[in-house]
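Enquirer: Residues per chain are reported as follows:
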Amino acid sequence: MNKQATIWEVFIQSKNGLAHKHAGNVHAEDKEMALQNARDLYTRRNEGSCIWVVKSEHIVSSVPEDAESFFDPANDKVYRHPTFYKMPDGAKHI
Amino acid sequence: MQDLEKYILRIADSTLIISHRLSEWCSKGPTLEEDIALANISLDLLGRANALLEYSAKINGNKTANDLAFRRDDREFYNFQLCEQENGHFGDTIIRQFLYDCFSLLFFQELSKSKDETLSAISIKSLKEIKYHLRHTHNWVIRLGDGTETSNQKIQESLNKIWKFTGEFFETDDVDKKIIENKIGVDNKKLKKDWDSLVDKVLTEAKLKKPEDKDMITGSKEGIHTGLLENILSEMQCLPRAYPDAKW
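Here the protein sequences come in this chain order: A and B. Each residue of the first sequence is one higher than the one before, counting from 1 in the numbering used here. Each residue of the second sequence is one higher than the one before, counting from 1 in the numbering used here.
Do not take every clue at face value.
Quick list of in silico lysine-lysine cross-link-like pairs, PhoX-like style, CA-CA up to 25 Å [unchecked claim]:
#, chain 1, residue 1, chain 2, residue 2
1, B, Lys6, B, Lys28
2, B, Lys113, B, Lys190
3, B, Lys210, B, Lys183
4, A, Lys31, B, Lys131
5, B, Lys207, A, Lys31
6, B, Lys58, B, Lys131
7, A, Lys31, B, Lys28
8, B, Lys190, B, Lys201
9, B, Lys115, B, Lys210
10, A, Lys21, A, Lys86
11, B, Lys183, A, Lys31
12, B, Lys63, B, Lys131
13, A, Lys55, A, Lys21
14, B, Lys128, B, Lys164
15, B, Lys221, B, Lys201
16, B, Lys6, B, Lys189
17, B, Lys115, B, Lys183
18, B, Lys128, B, Lys201
19, B, Lys201, A, Lys31
20, B, Lys125, A, Lys15
21, A, Lys15, B, Lys58
22, A, Lys21, A, Lys31
23, B, Lys125, B, Lys192
24, B, Lys128, A, Lys15
No lab work stands behind these hints, which were simulated from the structure alone. All of these numbers come straight from a predicted model, not from anything done at the bench.
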């Protein structure tokens, strides 16, 4: 395989119904190989029930220089947290 | 040796020896990803070999799986000679594994219907693994065959070189016949047609030419091998032979 093999990001769903979580990345030349490599590298110890692979280049990331304008404005807005009402006893997973 | 014990030992030996060959790739794979993929397949095969050796040892009554793996000489091993062939380059290994996976899929599908519950259970577990192995190797055969001119040429040579060892998949002798009559074993002869069409389909897609069945190698049922098995055993068995009481 040549040095330019594409990098794919791997997301593993540990159980049905849960969100896929980023696990790491793999090199691969195509979709099928990316999926197999992800399976072989990241689900050897029963970690998964489903795998997503996405070409790294298709992920758009914010950059550190954006951090102030992106995230600081949320600092003083406590009213956005759902902490001003009582949770019913039976509610789960919140 | 009882017939059933020998029958199981033959299946176990092929599994063990090809597992060992794949393990030789560990740390030498063409990429980190493929290195782990080959090691995973090798470990699946080792697990299967262990289950089969344990069962064979149980029927024997006086031996353990370790005795069978580490205290027999090459003439007492019954693995297909295909399994002991050298790794060569990556294409050589992929073709060897692909042809074996196609056989294993059909063989264990049949063995899963065995009247022997242990063999049936081992087969059902193995089939899940084999389907994945075949998915991996058949994809590589297509990639390399239908890749570049060089990759096509190289894997075609790999195929031509190893083809003569595939005849042993479909042989049956008196031991087999008795086990087949008892509805415990598989009639390998009957697998040839399905194996051919499974292999044909992939080779066509991979733009590879299927070699002819001629000058096919035989003998492993009698413990006859290419000299390569001796090399494998001297490495695989050196520790237990040098330190018979060594424990993990």
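Enquirer: What's the verdict on Lys201 (chain B) and Lys31 (chain A), does the C-alpha distance respect the 25 Å limit or exceed it?
Expert: 22 Å, holds
Enquirer: Between Lys128 (chain B) and Lys164 (chain B), does the CA-CA distance stay at or below 25 Å?
Expert: 28 Å, violated
Enquirer: Straight-line Cα separation of Lys115 (chain B) and Lys183 (chain B) no greater than 25 Å?
Expert: Judged against 25 Å, a Cα distance of about 6 Å means the pair holds.
Enquirer: Straight-line Cα separation of Lys15 (chain A) and Lys58 (chain B) no greater than 25 Å?
Expert: 39 Å, violated
Enquirer: Checking one constraint from the list: CA of Lys125 (chain B) to CA of Lys192 (chain B), max 25 Å. Satisfied?
Expert: 23 Å, holds
Enquirer: Is Lys21 (chain A) close enough to Lys31 (chain A), meaning Cα to Cα at most 25 Å?
Expert: Measuring from Cα to Cα gives roughly 19 Å; hence the hint holds.
Enquirer: For a C-alpha distance cap of 25 Å, please report whether Lys6 (chain B) and Lys189 (chain B) respect it.
Expert: Distance of about 18 Å is within 25 Å: holds.
Enquirer: CA of Lys21 (chain A) to CA of Lys86 (chain A), is that 25 Å or under?
Expert: 30 Å, violated
Enquirer: Could you grab the alpha-carbon distance between Lys128 (chain B) and Lys201 (chain B) and see if it respects the 25 Å cut-off?
Expert: Holds, because 21 Å separates the two Cα atoms, which is no more than 25 Å.
Enquirer: Do the alpha carbons of Lys6 (chain B) and Lys28 (chain B) lie within 25 Å of each other, as the hint requires?
Expert: 35 Å, violated
Enquirer: Taken at face value, is the distance from the CA of Lys31 (chain A) to the CA of Lys183 (chain B) at most 25 Å?
Expert: It is violated: about 43 Å lies between the C-alpha atoms, which goes past 25 Å.
Enquirer: Is Lys31 (chain A) close enough to Lys28 (chain B), meaning Cα to Cα at most 25 Å?
Expert: 24 Å, holds
When the structure is compared with the earlier hints, violations turn up for hints 1, 3, 6, 9, 10, 11, 12, 14, 15, 21 and for no others.
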